[in-house]
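Here's the letter readout for the chains.
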Amino acid sequence: MKASLKIHLSGIFLIGMAAWFISCFRENPNSLTSEVLQVNNYPLVSFRILLKVGSAHDPAGKEGLTRLVGRMLAGGGSATMTAGEIAARFFPMAAGVSLIADKEMTVFSGTVHLDNLEHYYALMKDMLLNPGFRQVDFDRLKADQLDFLEKTLVGDDDETLGKEILNLVLYEGHPYGHHDAGTVESVGRLTLEDIKVFYKEHFLQGNIVIGLGGGYPDDFLTRVLADFKKLPEGFTPGLDLPQPRAPRGYEFIVAEKRTPASAISIGFPITITKADKDFFALWIASAHFGEHRQPLSLLFQKIREERGLNCGDYAYLEHFVQGRDTFPAPNHSRQQQYFSIWIRPVANANRLFVIRETLRELKKLVAEGLSEDRFELVRTYLLNSTRLYAQTLSEHVGWQMESAYYGYMDFLNEVPYALGELTREDVNLAIKKYLNERNVFISVITEDGEGFKRELLAGAPSPIRYAGPSLPEAVLEEDRIIQAFPLDLKPDNVRVAPAAEFFRKAGLPGRPRGN
Amino acid sequence: MPKRFVLALAASALLACPGRSTGQEVFSRATITDDLPNGLKIITIPVQPSKVVSYYTIVRSGSRNEVEPGASGVARFFEHMMFNGTRRIPRAAYDAFLTRLGAGTNVIATDDFTAYGIVFTNPDSLADVIKTEADRVINVESTEDSIRAEGRTIEGENFAAVSNPDRRLFEILRAAAFDKHPYRRAAPVSLTDFRDLSRRHADSLLYKKRFYAPGNTILLIAGDINRDELLPLVRNYYGGWEASNFTLQAPAEPPQSRPKRAHIEWPAKTLARLAIAFHGPAYSDKVRDKAALDLLASAAFSSSSPLHHKLVLEEGACLSLGTNFPNTRDPALFVVTAVIKNDDDIPGVEDAILKELERLQHELLPARALAEITSNLKYAMADSLSTTDGMAGTVAFYLGLTGDPGTIHKLFNLYDKVTARDIQDMAKKYFRPENATIVTLKGGKAK
Numbered sequence: 081m082k083a084s085l086k087i088h089l090s091g092i093f094l095i096g097m098a099a100w101f102i103s104c105f106r107e108n109p110n111s112l113t114s115e116v117l118q119v120n121n122y123p124l125v126s127f128r129i130l131l132k133v134g135s136a137h138d139p140a141g142k143e144g145l146t147r148l149v150g151r152m153l154a155g156g157g158s159a160t161m162t163a164g165e166i167a168a169r170f171f172p173m174a175a176g177v178s179l180i181a182d183k184e185m186t187v188f189s190g191t192v193h194l195d196n197l198e199h200y201y202a203l204m205k206d207m208l209l210n211p212g213f214r215q216v217d218f219d220r221l222k223a224d225q226l227d228f229l230e231k232t233l234v235g236d237d238d239e240t241l242g243k244e245i246l247n248l249v250l251y252e253g254h255p256y257g258h259h260d261a262g263t264v265e266s267v268g269r270l271t272l273e274d275i276k277v278f279y280k281e282h283f284l285q286g287n288i289v290i291g292l293g294g295g296y297p298d299d300f301l302t303r304v305l306a307d308f309k310k311l312p313e314g315f316t317p318g319l320d321l322p323q324p325r326a327p328r329g330y331e332f333i334v335a336e337k338r339t340p341a342s343a344i345s346i347g348f349p350i351t352i353t354k355a356d357k358d359f360f361a362l363w364i365a366s367a368h369f370g371e372h373r374q375p376l377s378l379l380f381q382k383i384r385e386e387r388g389l390n391c392g393d394y395a396y397l398e399h400f401v402q403g404r405d406t407f408p409a410p411n412h413s414r415q416q417q418y419f420s421i422w423i424r425p426v427a428n429a430n431r432l433f434v435i436r437e438t439l440r441e442l443k444k445l446v447a448e449g450l451s452e453d454r455f456e457l458v459r460t461y462l463l464n465s466t467r468l469y470a471q472t473l474s475e476h477v478g479w480q481m482e483s484a485y486y487g488y489m490d491f492l493n494e495v496p497y498a499l500g501e502l503t504r505e506d507v508n509l510a511i512k513k514y515l516n517e518r519n520v521f522i523s524v525i526t527e528d529g530e531g532f533k534r535e536l537l538a539g540a541p542s543p544i545r546y547a548g549p550s551l552p553e554a555v556l557e558e559d560r561i562i563q564a565f566p567l568d569l570k571p572d573n574v575r576v577a578p579a580a581e582f583f584r585k586a587g588l589p590g591r592p593r594g595n
Numbered sequence: 004m005p006k007r008f009v010l011a012l013a014a015s016a017l018l019a020c021p022g023r024s025t026g027q028e029v030f031s032r033a034t035i036t037d038d039l040p041n042g043l044k045i046i047t048i049p050v051q052p053s054k055v056v057s058y059y060t061i062v063r064s065g066s067r068n069e070v071e072p073g074a075s076g077v078a079r080f081f082e083h084m085m086f087n088g089t090r091r092i093p094r095a096a097y098d099a100f101l102t103r104l105g106a107g108t109n110v111i112a113t114d115d116f117t118a119y120g121i122v123f124t125n126p127d128s129l130a131d132v133i134k135t136e137a138d139r140v141i142n143v144e145s146t147e148d149s150i151r152a153e154g155r156t157i158e159g160e161n162f163a164a165v166s167n168p169d170r171r172l173f174e175i176l177r178a179a180a181f182d183k184h185p186y187r188r189a190a191p192v193s194l195t196d197f198r199d200l201s202r203r204h205a206d207s208l209l210y211k212k213r214f215y216a217p218g219n220t221i222l223l224i225a226g227d228i229n230r231d232e233l234l235p236l237v238r239n240y241y242g243g244w245e246a247s248n249f250t251l252q253a254p255a256e257p258p259q260s261r262p263k264r265a266h267i268e269w270p271a272k273t274l275a276r277l278a279i280a281f282h283g284p285a286y287s288d289k290v291r292d293k294a295a296l297d298l299l300a301s302a303a304f305s306s307s308s309p310l311h312h313k314l315v316l317e318e319g320a321c322l323s324l325g326t327n328f329p330n331t332r333d334p335a336l337f338v339v340t341a342v343i344k345n346d347d348d349i350p351g352v353e354d355a356i357l358k359e360l361e362r363l364q365h366e367l368l369p370a371r372a373l374a375e376i377t378s379n380l381k382y383a384m385a386d387s388l389s390t391t392d393g394m395a396g397t398v399a400f401y402l403g404l405t406g407d408p409g410t411i412h413k414l415f416n417l418y419d420k421v422t423a424r425d426i427q428d429m430a431k432k433y434f435r436p437e438n439a440t441i442v443t444l445k446g447g448k449a450k
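Protein chains in written order, with this note's numbering: chain A, 81 to 595; chain B, 4 to 450.
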């Protein structure tokens, strides 16, 4: 059910600068849309030019194309200037064009001081509307994307690797089911001609949302809109996404590499997004279970605080990208979402214990829900902390665009009203309706994958040994229950492959699994 | 459908045009400094309009202060203990307080200082925040059990970094480049340090007495606040904090007398790394060395530099090229870093970087390049000052470094005064072969 478009004018923020928050609702799908926030006398201007095309639109066999087109536009030079000339002109302004590449959207963003607005916009306009598409830039950026897939992604950061492998398995055979950067095989096949064809097919007025905020002059927006209206009319048809496959029991995907610590990501698809009314109830549940980088997180309390096993443990109701500080970055909006758990690396010897502890806590969450005290505490937290989400100008514009995607006039403004109406029963009903504890994907980056598989299949208790002083008896007592938490796995539930074999070809490495 | 929206953005009063010596201040907000008799300094920066309050407790102590034998790791230990509650406000109560406030928390942990920031939206809670934050820092605890328990958590925390080759590169670089100064240890410290510390519990108490003390601490309170209203509360809650008159003598690093080299074989596949480091100067807003080298770093290795153009854009040998030259209280390293696509190109990239540093000893930078660099620094600073919390974090950093809120203004004045000749002189002074440490890293072929 779509949330109703309520408008709540709120006086909770100190009034200082009045701004006009304008959504330009489009009636013709072939034409441009805009989300603007003019702030009089403000010295900065922020742009977010959103293309409603993302990696889910990559043609089969050309996975990674959308991102490479984005990289070519944001860092590849225009028809009139090389990449180096553009970098040299941006430099004195301390500005540039950044790229957000996600499944359904690609965003080109930048913030500039009003002093430099005209020079900055002239460059940005030239980059996006008059691209250079030079062979030399294509060769460089394609090589970078291949290096990223072959080396950086699998070699530099096991936690990101674990999350990306979870995404592969969550969306196997689905338009979301490849990394935004594609695969070594698919990117290897891309040509400069592919870039040009993609640009021509998708850089259409109906695919573009102009996000603009700050102290720009009155005629500026009109000029920007006129420039982008030179693009052809038209739009890319919306994605018709299939339902992702639900996991059957606990399904492990193990990426093996030399490492003293194991990175663990757990998740499953859910049938809810910000656009649904029940989102707010389930948000309270996920914040209780694992609010990002907050001691409020139950998993953080159990795994890190009580037992000191890692750096932190969190859970998410949507695909999560951290923005400024620990707050979520807007404009990674999606039609389909997944619930996930991020367990930061633990010593290999403790990997099975921590997985059991997490799955046991998930089971308890689904069975028992939240107490009244926790419900009240989490709601109060969200009411206050969401007021910190949009602080910079660019974040204000980004959240306005996020609101438009999910059908709100102003999502953040809606939060106090939506949360205020909820009861603990609403939250616990939403948990039962949307979460589950038995059918989940578990991605593990670890050493000795086959040994780990044997451990998993044996089902024997996995006791834990602590360094340092003894823990309270209550914790040790709970440990004895956790270490024997049943997993009931069959060989088909555990897939193992070397880490370096992921992202080489479409799908998952190793034996294919039938749906 | 237009909608009237209430927005509070802390627009900083800013420069009007790029270039040098414009007379415009990069940071022009009114800051008020108050001192308590015990030595605590309070900096308040009211911002109207602002929807938030940022509250920073800046303890001017970090791993630089771990000068006692066996005390390595004590700065990080206290950073942890600052979140562990006190006898008066136990951890659960502290967590619940911040949670109800919906506060964002931020720790800036550097070699020189540790700043604890919270940001929140309800200014009516400020009195409770002052009371709670005062208890937190004045009564921070250190017991033998807590050292051992936190050692376990810190070991768990360290696992988050094990797959990061850049982290390893800098650990090896610092250990190779420094002999005496505590900057030789890059965080995170190992568990062994904590085992040592638990044997020497008394050292942690000494550290607390010396450095978690009012004369070594600065409060920064910015945003929707009234200095006259909050000052009596600060006096009330912090006034009884016992003073300490300890002055740290960090061991001086002897001059490096020969070039040094180290190499790392990284087990996983990754792109090659190169770090070329020279012992450089400490931060200063008076002496030109650091400021001149900041400008040089930008001229030689930023995204608009000729070498970047050649190595990254044209030849494509490097994925990235840059510098790491932090502002520090004691002399630290000027590091040029490159991520290199093919192992075979490491020597060529090293040679190109060293030649560029050599060239800057003989050629003067054009005036236009200097103007563009100072413009870049000013606009980057202006951007970081554009929200209340962004400004507080930036000011907290410079306060941790110097204790002087005026230092940002002085630094940018100094940038304006640096000449091309100064930069050339500094290149000659610091980029000597015997002052260099070079570390390379190659990715493995393993799975």
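Take the hints with a grain of salt, since some may be wrong.
The calculated PhoX-like cross-link candidates involving lysine-lysine, where the alpha carbons are at most 25 angstroms apart (straight line), are [stated by the list, open to error]:
| # | chain 1 | residue 1 | chain 2 | residue 2 |
| --- | --- | --- | --- | --- |
| 1 | B | Lys-212 | A | Lys-222 |
| 2 | B | Lys-448 | A | Lys-585 |
| 3 | A | Lys-309 | A | Lys-231 |
| 4 | A | Lys-231 | B | Lys-448 |
| 5 | A | Lys-280 | A | Lys-243 |
| 6 | B | Lys-445 | A | Lys-222 |
| 7 | A | Lys-231 | B | Lys-445 |
| 8 | A | Lys-222 | B | Lys-134 |
| 9 | B | Lys-313 | A | Lys-231 |
| 10 | A | Lys-585 | B | Lys-344 |
| 11 | A | Lys-243 | B | Lys-448 |
| 12 | A | Lys-231 | B | Lys-212 |
| 13 | A | Lys-222 | A | Lys-142 |
| 14 | A | Lys-243 | A | Lys-142 |
| 15 | A | Lys-142 | A | Lys-280 |
| 16 | B | Lys-134 | B | Lys-212 |
| 17 | B | Lys-134 | B | Lys-263 |
| 18 | A | Lys-222 | B | Lys-448 |
| 19 | A | Lys-142 | B | Lys-313 |
Calculated directly from the structure, the hints in this document are not laboratory data.
Tested hints:
no.	hint	result
1	B/Lys-212 / A/Lys-222	56 angstroms, violated
2	B/Lys-448 / A/Lys-585	19 angstroms, holds
3	A/Lys-309 / A/Lys-231	41 angstroms, violated
4	A/Lys-231 / B/Lys-448	10 angstroms, holds
5	A/Lys-280 / A/Lys-243	33 angstroms, violated
6	B/Lys-445 / A/Lys-222	22 angstroms, holds
7	A/Lys-231 / B/Lys-445	11 angstroms, holds
8	A/Lys-222 / B/Lys-134	56 angstroms, violated
9	B/Lys-313 / A/Lys-231	23 angstroms, holds
10	A/Lys-585 / B/Lys-344	22 angstroms, holds
11	A/Lys-243 / B/Lys-448	23 angstroms, holds
12	A/Lys-231 / B/Lys-212	48 angstroms, violated
13	A/Lys-222 / A/Lys-142	13 angstroms, holds
14	A/Lys-243 / A/Lys-142	22 angstroms, holds
15	A/Lys-142 / A/Lys-280	16 angstroms, holds
16	B/Lys-134 / B/Lys-212	21 angstroms, holds
17	B/Lys-134 / B/Lys-263	51 angstroms, violated
18	A/Lys-222 / B/Lys-448	22 angstroms, holds
19	A/Lys-142 / B/Lys-313	30 angstroms, violated
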